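J.: Please construct the entire structure, taking both the sequences and the accompanying hints into account.
Going by the working numbering, the sequence shown opens with residue 27, and the numbers climb by one from there.
Hints are computed from structural coordinates only; laboratory data are not their basis.
It is possible that some hints are incorrect.
As the list claims (entries may be wrong) - Derived Cβ-Cβ restraints for the label pairs, each shown as a range:
hint, residue 1, residue 2, range
1, D80, R30, 19 to 25 Å
2, G74, P43, 18 to 24 Å
3, R30, A78, 24 to 30 Å
Remember, predicted model here, so these are calculated numbers, not experimental data.
Cβ atoms here follow ideal geometry from the backbone N, Cα and C, with glycine treated the same way.
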Amino acid sequence: MDTRLLQILVCPVCKGPLRHDREHHELICPADRLAFPIRDGVPIMLPGEARALDTVGSDHTA
Numbered sequence: 027m028d029t030r031l032l033q034i035l036v037c038p039v040c041k042g043p044l045r046h047d048r049e050h051h052e053l054i055c056p057a058d059r060l061a062f063p064i065r066d067g068v069p070i071m072l073p074g075e076a077r078a079l080d081t082v083g084s085d086h087t088a
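T.: See the structure below:
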C-alpha cells in the first residue's frame, strides 16, 4: 500500500489514524478496535466491512 495514501486515510468511524498490517492485508484502527480489509490493493473503508478485533487474546494489532 502506498505510504502517501496511508498518511491521508483515517478511520471512517472515529476519524483517527490507521496502522497498516501488511501480513494480514488490513488497516487497523486501534481506537475503535476495527480492521478494514485491503482487497486487490484497495482499502475497503466501509464500517460494515470492518472486522472487530478481539478484546483479549488472538488479534494481530502489534
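J.: A separate judgement is required for each hint: does it hold in the structure or not?
T.: Structure-based check of each hint:
no.: 1; hint: D80 - R30: 19 to 25 Å; verdict: 31 Å, violated
no.: 2; hint: G74 - P43: 18 to 24 Å; verdict: 21 Å, holds
no.: 3; hint: R30 - A78: 24 to 30 Å; verdict: 28 Å, holds
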